[in-house]
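Protein chains: 2
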Amino acid sequence: MTDNDELLAERRRRSLGPAYRHFFSRPLYLTRGEGVWLFDNDGRKYLDCYNNVASVGHCHPHVVAALHRQASTLNTHTRYLHHAVVEYAEMLAATLPGDLSVCMFVCTGSEANDLAYQIARAVTGNDGAITTSGAYHGNTTLVTELSPDSGRRRPAPDYIVDVEAPYTYRGTFGAGHADYENAYADLVDAAIDTLRERGKAPAMMIIDNIFDAHGILTPGPAYHQAVYRKVRAAGGLMVADEVQSGLCRLGEHYWAFEDVDVIPDIVTMGKPLGDGHPLAAVVTTPDIAAAFANTQHYFNTFGGNPVSTAVGRAVLEVIANENILANVGATGRYLKGGLDELAARHELVGEVRGKGLFLGVELVTDRADRTPATDAARRVVEHMRESGVLIASTGAHSNVLKFRPPMVFRKEHADLVLAALDEALTETV
Amino acid sequence: MTDNDELLAERRRRSLGPAYRHFFSRPLYLTRGEGVWLFDNDGRKYLDCYNNVASVGHCHPHVVAALHRQASTLNTHTRYLHHAVVEYAEMLAATLPGDLSVCMFVCTGSEANDLAYQIARAVTGNDGAITTSGAYHGNTTLVTELSPDSGRRRPAPDYIVDVEAPYTYRGTFGAGHADYENAYADLVDAAIDTLRERGKAPAMMIIDNIFDAHGILTPGPAYHQAVYRKVRAAGGLMVADEVQSGLCRLGEHYWAFEDVDVIPDIVTMGKPLGDGHPLAAVVTTPDIAAAFANTQHYFNTFGGNPVSTAVGRAVLEVIANENILANVGATGRYLKGGLDELAARHELVGEVRGKGLFLGVELVTDRADRTPATDAARRVVEHMRESGVLIASTGAHSNVLKFRPPMVFRKEHADLVLAALDEALTETV
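Chains as they are written, first to last, in this note's numbering: chain A, 5 to 433; chain B, 5 to 433.
Bound conformation, chain A alone (with noise of 0.2 Å):
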């Protein structure tokens, strides 16, 4: 950092406040975004592999020239008819299966993780929730409930319930138990009796695909399948938090509850959807948005405006022109098998887990004991940044590497994210 950069950054205190945090222990100062690759004000070159939010590349042309194209035209409201809007809640619900064909649009995940609250509860005329232990779903009052690890600061409300997630690794039930798939899921029962004892009963259950906050995990199809089983003989509907794990990340499908065979009763969408632009929205069934409609009406100032729409709209063609869900597809299952190879070398890493352009890398000091590097997980995001890749850690140690870069990466760029990594490990013992 130059002398003006950290006065950049004292301003950057003053004004935005100390809740406000960085990345890295030295502030990255990025001046420009162009695929997979971002600047710094030096001009230095870092390649990307962490932020999904750019999901088709960071200023995509054909994104951007939408977004300018309807911004200079019109830009209101779902208060008056537009095509912008039509148009693509059609696109995106023919992305998925079953009757999610309803999209009622937002600006954020934390906005559709709590309508989708709202609508449970309407639907289901219980008001109970269950989550994960170690889960990040947003930032409102509500959903930073729903938030367990990263939010919530005092004991949950008495109609929110958390389980453990099925995390084999370190969990209650090791990979190596018969059947800890549904061993997991049986933990969803007592958090059904727990609210029962409570009068209460699930208006849904809310699960993040990928369990990003957890540290990256994928449980198979028989864990959903009898979650879903158990929550909707309870009474509640299944909440699919595709906010992390969607828009083709996980390089199967557009959508993780697809790998695992189940289909949500509502999907909750947000960060990749407008490759930049604030967009989120919230897809379910025609009944239950029926029966949501019979108790409220819905209306988001900003939600599904023709801007914000056509430039959904145009990272879905992107995607589309692109191959994009082949190519996450296959750099996905290079770079696993890079990080594989890496594994075998490196006595710090003790798990490899993820799937698609999301990966992750659990680092231990220690493999018998499997106790969490935190520290070294932490040199390696700084070394591999002084190398110029970006990544960073997750998990409730921050002790697991996330790989989870713009979809538009290839083979060649896992390459050099490999080759940094490999240096990183080596020098971090």
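No lab work stands behind these hints, which were simulated from the structure alone.
Remember, predicted model here, so these are calculated numbers, not experimental data.
The C-beta atom is built at its ideal place from N, Cα and C for all residues, glycine as well.
Be careful, since some hints might not be right.
Said to hold, decoys possible - Cβ-Cβ distance ranges computed for the label pairs, FRET-style:
{"hint": "1", "chain 1": "B", "residue 1": "159", "chain 2": "A", "residue 2": "182", "range": "45 to 53 Å"}
{"hint": "2", "chain 1": "B", "residue 1": "162", "chain 2": "A", "residue 2": "291", "range": "29 to 37 Å"}
{"hint": "3", "chain 1": "B", "residue 1": "341", "chain 2": "A", "residue 2": "47", "range": "55 to 63 Å"}
What the hints assert, rightly or not - Calculated cross-link-like contacts (lysine to aspartate or glutamate; reagent style EDC-like; alpha-carbon spacing at most 20 Å):
{"hint": "4", "chain 1": "B", "residue 1": "49", "chain 2": "B", "residue 2": "427"}
{"hint": "5", "chain 1": "B", "residue 1": "204", "chain 2": "A", "residue 2": "419"}
{"hint": "6", "chain 1": "B", "residue 1": "49", "chain 2": "B", "residue 2": "419"}
{"hint": "7", "chain 1": "A", "residue 1": "49", "chain 2": "A", "residue 2": "419"}
{"hint": "8", "chain 1": "B", "residue 1": "204", "chain 2": "B", "residue 2": "166"}
{"hint": "9", "chain 1": "A", "residue 1": "204", "chain 2": "B", "residue 2": "162"}
Stated by the list, open to error - Listed next, the stretches of chain B that the computed footprint assigns to chain A, with coverage defined by at least 3 CB atoms under 8 Å from CB atoms of chain A:
{"hint": "10", "segment": "20–28"}
{"hint": "11", "segment": "45–59"}
{"hint": "12", "segment": "72–82"}
{"hint": "13", "segment": "90–102"}
{"hint": "14", "segment": "115–124"}
{"hint": "15", "segment": "135–147"}
We have chain A already, so just place chain B on it with the hints.
Leaving out everything else, chain B in the frame of chain A:
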């Protein structure tokens, strides 16, 4: 509507569901906007006397250029250092009095009000909230509870108490009451007592300074100052919801609370900040920001991103360069004078209220009984639409015509509105 419009409306019903509503019985299909003008798909021109989101005019070229320039260059988030968010925060803080100098950026007014509650709760250690009975503050789960008339569908949770708003035309205390402002303010004592009986104290009271959903009210300094004293004496913070009333809308100052000589602890801002772009903010003092940061970090993926803040800055530049504040004052006085003149001639008009370019005309079927003329208001709105002028209605009875145009509205536009309203009132008896 053509057959094609009807087809689009039907596709909309299927893809967005029945919770979405239209303005007007015959949906208006808008396709282009420019300044104070909107154009439908037949090329018909409408004078926009309703939309405050397009605060400095539809598709303002300076704002669109800033959006395009930054979206072509970089769009990330506040975990990296960037000048745009810092510069915008400083410019925004410079419009505010006192210690209101720390900005936290979100995407919607709902998120802003939701965050204000989280801050107030964290800083005061209390969890009570006081709101006015007819208020609308947004649509998150928490903020819906703070919006008694529009969203709340069940008894309020025990930590929220409503107080009657100072609506002299219909409320407990009329304008003829010797000291109606203090009489209304005294109702806050009862709300604080109610919280106390429940073992609680106020974290905050939230006030929309133009009382939009109540039918547009402008109590004077005595009301606000007394309320501020009472809430603060009980340990709570004062939150000014300036989503509707702020950013020069009332024509005297940038922020409506300045008109009544109070300084809030927290100011929330939304709709007009981005001239259509999803941009919102919470502004508070360094002390409150520091106390909040002691309890939690804050991050909003899209909030404060380089594109949104470049747009926000462009809007502030337009406001300064085009003398928007003076224009709102002058055009607002002129329009209100015209409305007063129509009130003298049309029995339907019970009262003309408001300030700047946020004016209300309450319609009554009978001036003595003050019976709300809900159906007449609907017909006036529809009639004006046919005359090419867009307005809407507000208030608990939807009988208050609302005039709230883009702030580049001029006297010649006001003349068109007054002529159309004169005709609509004449034909709607």
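Which hints, by number, does the structure contradict?
Number 5 only.
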